[in-house]
Amino acid sequence: MGPGPARETEVTLTVNGQSRTVAVDNRTSLLDLLRERLGLTGTKKGCDHGQCGACTVLIDERRANACLALTVAHEGAEITTVEGLAEGTGQLHPLQQAFMRYDAFQCGYCTPGQLCSAVALLSEGGPSAVTADLTSEPALTPGEIRERMSGNLCRCGAYPNIVRAIDATVTP
Amino acid sequence: MRSFAYTRAADGHEAVAAYRQGAAYLGGGTNLVDLMRLGVATPDSLIDVTRATSGQVDDGPGGGLLIGAAVRNSELAADLRVRERYPVLARAVLDGASWQVRNMATVGGNLLQRTRCPYFQDVLTACNKRRPGSGCQAMAPGAETANLAILGQSAACAATHPSDMAVALTALGATVHVCGPDSREERGIPMPGLHRLPETTPERDTVLAPGELITAVELPPPPPGRSTYRKVRERASFAFALVSVAAVLEVADGTVTSSRLALGGVAHAPWRCHAAEQAMRGEPATADTYAGAAEAELAAARPLPGNEYKVTLARNLIAAVLEELTS
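Heads up: the protein sequence lines correspond to chains A and B, in order.
Residue 113 in the working numbering sits at position 113 of the first sequence; the count goes up by one each step and never skips.
Residue 4 in the working numbering sits at position 4 of the second sequence; the count goes up by one each step and never skips.
To be clear, the hints were calculated from the coordinates, so they are not data collected in a lab.
Every residue gets a Cβ at the ideal spot worked out from N, C-alpha and C, and that includes glycine.
Honestly, I wouldn't trust all of these hints.
To be verified - Selected chain B positions facing chain A (Cβ under 7 Å, derived; list incomplete):
no.: 1; residue: A5
no.: 2; residue: Y6
no.: 3; residue: T30
no.: 4; residue: V33
no.: 5; residue: D34
no.: 6; residue: D48
no.: 7; residue: R83
no.: 8; residue: E84
no.: 9; residue: P87
no.: 10; residue: L94
no.: 11; residue: S237
no.: 12; residue: F238
no.: 13; residue: E323
Using the sequences and the hints given, assemble the complete structure.
What follows is the structure, encoded as structure tokens:
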């Protein structure tokens, strides 16, 4: 590489509870880091444009599109992927169990993103676009769940059972 | 994607000092990273400003708020003060994008996102915004115009500004705070003055000089009356506006005493509806008044072949939102 500022950066972040230090080309998305460098292929690449949600992971406990996140901008971040949802408990996450019980998928490609998104949904407060009273803390009705999951597309159309699985986890 | 250098700025002065031609400020990256992947944006360095400006919403005078440019969209929409005092803003932010994107996107970046005109995003087509002087594919016969402008466009460009939040900020008369390399002082730009109409230079989305950085958005004290935001799109969620309306309306004794209206999805900038506001002032708060006001505003519309529907949609949406705020 010629003179000029570095185009590669050493980044340390925590992935599913483990500290990882990697030197990355600045262009590396968090999605490509997880899949190509760290061997965590549970997170899926769908559109690579932030439109489908297949790459949804938790960054510092908030759901985000890993395809739009530059690794270099996430020094010190805590990342949780689908591989980390069950970690430590020896049991699948209640949402993973509910997705199985309610048959909330067909091909399964969008499922890791759906799961990470739904895990975040359970802990996020505040209104959504379909909440009538903005100042209230709305109940997570099926209508609220649908709106809050709109960032995750499913080409098989498993939406009804995805909503049932999340609803069953919200109100067991 | 073109290779780039990366630096993280600790504060606003460090960010603007680091700016050079060819650099770009990085917020949440939800639009910029995508444009870089598409080859539309080709910065040779990124200056990460997510820690350079405030990530807090602070109280301002008279119940107003000062929103740091690094505040995430999801945090802004969840802030109880915004929900209670500025429902038009909370609704606009919640109507934008998906929960994932709102968790990433910053307030500053939301304002500076680029148009989703299909020709701007396709490097194989002509676009005066992307490559000045190359022409505008949207003006060619048979072009895909359904999502393009009906107000204020030029022969050079019919792109629309995609932000919902900017439309609400226009209705609220918010001020965008900016700092630049040439002045230690901040300057304030009242909305919708940040964004400009395309004229013959559509490559410039905003009035910002190269290297100027948005540091905060100031909301004036909550306006009297009621406010809301309504967005029409091709699916129920996670899509850009075909047309949207942000409205603040005050009615006393059955008469419209004050109003501020703005349209989204119809122009190169959030569209402040001066004609409609003037037509309503002091008039009875009735469906007839609102229909007349909407008619007055849309008289200036010059749709392209294929997006005439937006004129009807905007007219009906203005009237419907005003009736909702009156009921």
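Results of checking the hints against the structure:
1. Look at A5(B): its Cβ gets to within about 4 Å of chain A, closer than 7 Å, so that hint holds up.
2. The closest approach between the C-beta of Y6(B) and any C-beta of chain A is roughly 5 Å, which is under the 7 Å cut-off, so the hint is satisfied.
3. Hint status for T30(B) relative to chain A: holds, with the closest Cβ pair at about 5 Å, below 7 Å.
4. A hinted interface residue such as V33(B) counts as satisfied when its beta carbon comes closer than 7 Å to some beta carbon of chain A; here the least separation is about 5 Å, so the hint holds.
5. For D34(B), the interface hint holds, the least distance from its beta-carbon to any beta-carbon of chain A being 5 Å, beneath 7 Å.
6. For D48(B), the suggested interface contact is upheld, since its CB lies about 5 Å from the closest CB of chain A, less than 7 Å.
7. Below 7 Å, beta-carbon pairs count as interface contacts, and R83(B) has one with chain A at about 4 Å; its hint therefore holds.
8. At its closest, the beta carbon of E84(B) sits 5 Å from a beta carbon of chain A; the interface hint therefore holds under the 7 Å criterion.
9. Because the smallest distance between the Cβ of P87(B) and any Cβ of chain A comes to about 5 Å, under 7 Å, the interface hint for this residue holds.
10. Checking L94(B) against chain A by beta carbon gives a least distance of about 4 Å; that is within 7 Å, so the hint holds.
11. Residue-level restraint check for S237(B) holds (minimum Cβ-Cβ distance to chain A is 4 Å; threshold 7 Å).
12. Because the beta carbon of F238(B) sits about 4 Å from the nearest beta carbon in chain A, less than 7 Å, this interface hint is met.
13. Residue-level restraint check for E323(B) is violated (minimum Cβ-Cβ distance to chain A is 17 Å; threshold 7 Å).
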